[in-house]
Amino acid sequence: MNESSDHLLRSRRRSDGIFSRFQVAGLVILTLIAIISKFYLPRLIPSAVWLEVPLLLTIYFGLMRPDPVPALLFGAFVGISEDSLSPANLPIGMYGITKTLVGYFAASVSQRFNVGNSLIRLVLCFFFYCFHAFFYWVMRRALLQQIVPFDTQLTLLHGAFNIAVALPLYLILDRMKLSDEH
Amino acid sequence: MDAIFNRYRSYRSLVVLVIVVMAQVLYLAYQVRTGRDERLIRVWAVSAVTPFSGIFEAIRHNTVGFMKDYFVLLDVREQNSKLKADNDRLRMENVFYRNQLATAEHARALTIFQARTPSKTVAARVIGNSTVSTAKAVFIDRGSTSNIEKGMAVVTPNGIVGKVAAVYLLASQVLLVTDSTFKVGVESQKGHIHGILDCSGGHCEVEQIQNEEDVRVGEWFYTSGEDRVFPRGFPVGTVISAQPGNGMKDVRLNLSGAPGGVEEVLVILDGVHQPIPTAALPDDKMVPPLPPPPPDDKQVTGVPAGPGQTEADKTIQKYEQLGKEQEHVYGAMYSNMPNYNIKPAPKPAAPPAAAAPPASAPLGSGPVALGASTPTRATTTQTSTNHPTSTHPTSTRPPTSKPALPLGSPRPNASQTTTTKPPAGPPQ
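Chains as they are written, first to last, in the working numbering: chain A, 53 to 234; chain B, 13 to 440.
There could be a bad hint or two in this list.
Label pairs and their calculated CB-CB ranges [what the hints assert, rightly or not]:
| # | chain 1 | residue 1 | chain 2 | residue 2 | range |
| --- | --- | --- | --- | --- | --- |
| 1 | A | L195 | B | L182 | 52 to 58 Å |
| 2 | B | E219 | A | F213 | 29 to 35 Å |
| 3 | B | Q220 | A | L96 | 37 to 43 Å |
| 4 | A | L96 | B | E238 | 19 to 25 Å |
| 5 | A | L195 | B | G163 | 22 to 28 Å |
| 6 | B | D262 | A | Q205 | 21 to 27 Å |
Just a sample of chain A residues kept apart from chain B, beta carbon distances all over 12 Å, derived [unchecked claim]:
| # | residue |
| --- | --- |
| 7 | F179 |
| 8 | M191 |
| 9 | A212 |
| 10 | D226 |
Examples of chain B residues toward chain A, derived with CB under 10 Å [what the hints assert, rightly or not]:
| # | residue |
| --- | --- |
| 11 | A57 |
| 12 | E69 |
| 13 | L187 |
| 14 | S268 |
By construction, these hints were calculated from the structure, which means they are not laboratory data. Since the model is a prediction, treat every value here as computed from it, not as a measurement. A virtual CB, placed ideally from N, CA and C, is assigned to each residue, including glycine.
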């Protein structure tokens with residue numbers, strides 16, 4: 053390992069503890085906006101059906117939070133909220149389990165990597181999107197025995213689409229965090 | 013004790029993860045096993061989200077078309093700076109009326125369909141999508157207060173859309189026919205071949221059709237009513253390809269209802285089965301054929317090219333000449349009553365076209381405005397509006413090669429005569 057990789061892997065974030073000042077009300081509002089965007093945005097832009105703003109928010113919260121417990125609880129909350137707006141033939145808990153795992157893993161990864169780097173963030177975001185889509189598909193097949201297709205190429209494409217949205221979204225969230233500091 | 017506590021702290025996050033995930037798995041298993049849907053959480057979520065979505069949708073529906081047209085026409089407005097004020101006003105009015113017309117046309121189509129179909133329906137508007145991107149479901153702005161129940165069919169005049177999957181107080185969730193778990197019983201129009209519509213593979217196919225069956229491209233499929241959701245006889249779509257497959261025929265359909273992009277739907281409250289129509293459905297995109305051309309004016313009216321050929325025409329001409337000599341304007345208010353008992357002055361020979369203006373003068377000077385069906389009539393109308401007391405409104409009109417119809421002669425088009433009442437004759 054060279055010096056730069058050591059820096060990436062070992063250096064702690066400058067923003068440790070910042071999320072402790074992140075207002076709960078603001079987080080709830082952001083979650084509500086994310087879920088409404090997923091609920092309503094496809095009416096305006098049909099391609100936005102593949103946009104996973106709640107997932108991007110879960111990943112961001114996990115990456116910016118050193119403790120996995122709040123991250124997984126936040127993931128469970130967002131996932132169950134999404135589940136409650138899913139078709140009635142899908143029981144509540146599918147997204148909840150998936151996003152719980154995403155939140156936990158994102159927080160665990162943030163303990164080892166310097167997630168202040170935008171490139172690492174986007175790579176992790178892409179990875180977690182693919183993990184989320186694959187795990188959800190596995191659960192639908194295994195737990196519900198629903199035969200739904202899984203298109204790998206489309207999943208990768210949608211992952212790229214999501215990280216393209218994640219880049220400005222995370223910058224905005226970073227700005228909000230910075231403004232919160234001052 | 014401290015060692016146990018420290019060990020627990022190191023594994024705390026993992027323990028919490030296992031507990032949370034296991035709790036959700038157990039809860040999910042409970043739902044799957046009992047087949048019960050957790051109403052309370054869904055009701056809360058839908059009640060929290062649908063009002064926002066309904067407001068957004070209402071704002072979008074009423075303003076997007078307006079704003080789009082406005083900004084598209086912005087460049088034109090800049091280029092025509094001299095007419096800016098007039099253009100803006102007219103454009104705003106156009107946009108407003110266009111939106112009104114589009115809304116009215118769509119509502120009229122739904123109303124006509126509602127009146128025509130024997131099934132009892134209620135109209136609804138789509139206000140949101142499902143949060144699961146792989147599942148095809150939408151929310152509509154009608155719920156249990158509109159007597160909607162779970163399992164009801166949702167259609168448009170063009171075709172089927174889906175079925176009600178969940179009902180809330182002011183909203184309902186509609187599972188679209190394009191969802192991978194949705195199956196619809198269908199029946200072909202010509203051979204009455206039954207099959208099952210399945211849209212799970214990204215395209216819609218009709219399954220369970222034997223290779224020996226005769227299904228052709230372009231043929232319509234209708235609901236068969238066997239699925240107990242859609243009443244029989246609703247259009248589903250047309251065949252875009254039909255090829256022999258492995259055991260069963262591969263029949264692909266193009267859905268006519270466009271369930272993904274639909275904005276307004278009808279929920280069938282009380283379905284009535286209908287027979288499969290024998291004639292093909294009219295294509296909405298096809299321009300309706302023009303009506304047969306109207307017969308020639310001369311053939312219809314029997315009026316020859318020259319005026320005053322019949323006794324009635326001669327009498328009318330005489331009265332017109334008398335009125336002209338005595339400066340009387342037919343139809344104008346406060347015009348002196350002419351004396352019809354005197355003989356008109358001998359008229360110099362004039363071409364037929366020259367004799368026409370007096371005949372049409374009362375038309376233009378009449379109190380009832382004419383419809384602008386032809387340029388000539390529009391000109392006459394404008395003249396009469398601006399100068400109601402003009403004695404010869406048509407005197408400024410350039411002579412036309414086509415002779416004008418004499419006063420009192422039958423009009424060639426009924427629509428043109430509805431707003432015009434030629435003078436019945438001289439007052440007694």
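Tested hints:
no. : hint                         : result
1   : A:L195 to B:L182: 52 to 58 Å : 32 Å, violated
2   : B:E219 to A:F213: 29 to 35 Å : 33 Å, holds
3   : B:Q220 to A:L96: 37 to 43 Å  : 38 Å, holds
4   : A:L96 to B:E238: 19 to 25 Å  : 37 Å, violated
5   : A:L195 to B:G163: 22 to 28 Å : 24 Å, holds
6   : B:D262 to A:Q205: 21 to 27 Å : 24 Å, holds
7   : F179                         : 18 Å, holds
8   : M191                         : 9 Å, violated
9   : A212                         : 15 Å, holds
10  : D226                         : 25 Å, holds
11  : A57                          : 3 Å, holds
12  : E69                          : 7 Å, holds
13  : L187                         : 6 Å, holds
14  : S268                         : 19 Å, violated
The earlier numbered hints that this structure contradicts are 1, 4, 8 and 14.
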